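Here the protein sequences come in this chain order: C and D. For the first sequence, our numbering begins at -7 and goes up steadily by one. For the second sequence, our numbering begins at 28 and goes up steadily by one.
These are computed hints drawn from the structure, not numbers from a lab. Heads up, some of the hints might be wrong.
To be verified - From the derived model, a few chain D residues whose C-beta atoms are all more than 12 Å from chain C:
no., residue
1, Leu45
2, Pro91
3, Phe131
4, Ile132
5, Asp156
6, Leu164
7, Ser252
8, Leu256
9, Gly262
10, Leu264
11, Thr271
12, Trp276
13, Leu280
14, Ile284
15, Gly313
16, Asp318
As the list claims (entries may be wrong) - Residues from chain D shown here face chain C by an in silico Cβ test under 7 Å; the list is partial:
no., residue
17, Leu120
18, Gly144
19, Gly145
20, Val153
21, Val173
22, Ala213
23, Ala215
24, Val217
25, Ser219
26, Ala220
27, Phe232
28, Gly260
29, Val287
30, Ser288
31, Val303
Claimed, not checked - Pairwise CB distance ranges, derived in the manner of DEER restraints:
no., chain 1, residue 1, chain 2, residue 2, range
32, D, Ser289, C, Ile22, 25 to 35 Å
33, C, Leu147, D, Arg229, 33 to 43 Å
34, C, Leu147, D, His37, 22 to 32 Å
35, D, Gly145, C, Gly19, 39 to 49 Å
36, C, Ile22, D, Phe143, 30 to 40 Å
37, D, Arg149, C, Leu23, 11 to 21 Å
38, C, Ser185, D, Ser289, 13 to 23 Å
39, D, Ser219, C, Glu255, 49 to 59 Å
40, D, Arg149, C, Tyr73, 56 to 66 Å
Owing to the predicted nature of the structure, the values given are computational and were not obtained by experimental measurement. Think of the CB as a built atom: it goes at the ideal place given N, C-alpha and C, for glycine as much as any other residue.
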Amino acid sequence: MTSTTLDPTTVDVPKSGPPKRSGGGLGRYILIRFLLIIPTVFILVTTVFFLMRATGDPITAAQGGRLPADQLAERIHAAGYDRPILTQYVEYLGDLFRGDLGTTLSDSRPVTEVLTTFGTATLELAFYALIVAFLVGIPLGLVAAYFRDKVPDALLRVFAIACYATPVFFAGLLLKLIFAVQLDWLPVAGRASNRSELAMRRLDHPTGIYLIDALRTGNGEIVADVLQHAVLPAIALGLLTAGVFLRLVRTNVIGTLGSGYVEAARSRGVRESRLLRKHAYRPALIPIITVVGMQVAMLLVGAVLTETTFEWRGLGFQLSQYLQARDFVAVQGIVVMLAIVVALSNFVVDVIAALIDPRVRY
Amino acid sequence: MRWNKLPVVHQLRQSVGLQRGMLVAGLILTGIFLLAALFAPLLAPYGYGQLRSPDTGLFGATQPPSSEHLLGTTVGGYDVLSRVIWGSRTALLVIVIAVTASLFIGVLLGLVSGYFGGWLDRVLVVIADAVYAFPSLLLAIVLAIVISGGQSSMIGGVLAAALSITVVFTPQYFRVVRAETVRVKAEAFVESARVIGAGHRRIMFRHVLRNATRTLPLIITLNASEAILTLAGLGFLGFGIEATAAAEWGYDLNKAISDVSSGVWWTATFPGIAIVLVVLGMTLVGESLNDLADPRLRTRRRAAEVSGDTASTAQTSVVPGGALPGHAAELEGGAR
């Protein structure tokens, strides 16, 4: 969580005195919070740039040893990597500002094209994973809170911690082993079978989001095929977030169950199960909204690893391909892109938090 | 007795029921991990890079579990059990280096930054927030490229993983200690020390630091588990330490991806279980410390009493009271 603004110590929150909140309080907060993205992204981009250049130029990294020295020098010169590092840095910032992240070395594609092509696949995976997380995490969190400190609660809490403790790629490998290889219920890898992929490619302007494309073909088999391929990766990635949701819902429901208005309802004779469903449940969901945003970083990193496990051709899968090809221009582009996405989603989270809870603003 | 006041011992005495069970389970798992790491040469039947035994020749690739190889052999022809045991040593080494370094740097910077304030403080806070917001595995990838160029010897690989984790964790310690320092330095006893004429250094280390470290044990346990996940994630993406240099669980899992599709289950399962158990153990310890530190979550000794004090607001953190950075980081997740 970027507690840049949530952390009470970094912000001078007026502790006493009459609230001086004018109508522009929220607008001003959002503006300041938005401006804070700039130094964050700038620092990250700068750090990544200089770190990646600290080892030398990308062409030597990719081709070193495979090309004779004079050819290597020629290519380095052609790409401009022999100029002073600061010149390159300024140029890089300028390109970045115009939305140009360079061209990959291994397959000579613009990095932005790679991002748009494969980003949709990652988005789709993250979306499925979130659904799994909601379906598993929230009901189980309610159950755990209801049975607080009893056996079901203990089991569920250990389950939640186990979700956190299991690396997504190991969860993925296990699921694959059991449901795809041993039981043969679901496909082993990929986003769709070849036939479905071909059918979807024939659409004009495919979106790249397979579920939408499959629906557009109007062929039920293709839709089923796409969904079947998504089940295991979604569970592998979703359980991680489910564990977080479970614990969050549990903590918050326990908190609200002990609060005054629930106590009042209880004293009026409202049944315990109804208290849980009607009274304590909803306020406990508010923090989920902000946590969903924080999960973006976690889901993206998780997606990198899940995609590698399941050969899900998204950004993460590409990232590990480029890493193996030592194509550091592409790696840098993807990393910078993900950093920007995370910074933006943190901004959105903070704004939503401010809309929900006025005390967050300053 | 002074040892009663030690972080973990104190909480163990304080805990009851299930909570004690979770803490004890965590301590046992962590203890087994430490023992395996320390006594790896005695426990492991073979070396981590051993391919043949003197009597029977080559081990052979992907042999199923047998009496010679209790957990089978890998596709590279290594003994799985031995590599799982030796892997704990690599993991421990990375944890120790990463946690020590980030603790040292983070605490020092946090103390200075919080104590003196001013522009240095502001700059450090912005940088720490920027690094903190960055997904740790991505930063670790970049640093691994820088430090070892991707391919690794034992020392290079361990250092690459440890240093990249250090960079990711330092902001967490920095934030906690800085926040606590800002709080503590306004206390009356610091004021009195200043009035007596104590120097900055004495006040910082003697009066402020001692009172600003209460949440550190929790963060250390959570970071240690995150360090393992980051190391494994790096290994899984191909930044692992070569099999001949050391045993590393993530690397072994990466090599096992293709095995799984062909039904070879033992090469992936055991290193994975090792990761899960170690992280589970350390997280259980951390979680229990967290719950015990919070009266609202602490299991009450008498079930009847209901505390009506908490007019609680919505919590975005599992830690009531909001942003305890160590925990927030865990929510946000690291290398998975």
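**Q.** Ascending list of hint numbers which this structure does not respect
**A.** Of the numbered hints, 1, 5, 6, 7, 8, 9, 10, 12, 13, 14, 15, 16, 17, 18, 19, 22, 23, 24, 25, 26, 27, 32, 33, 35, 39, 40 do not hold.
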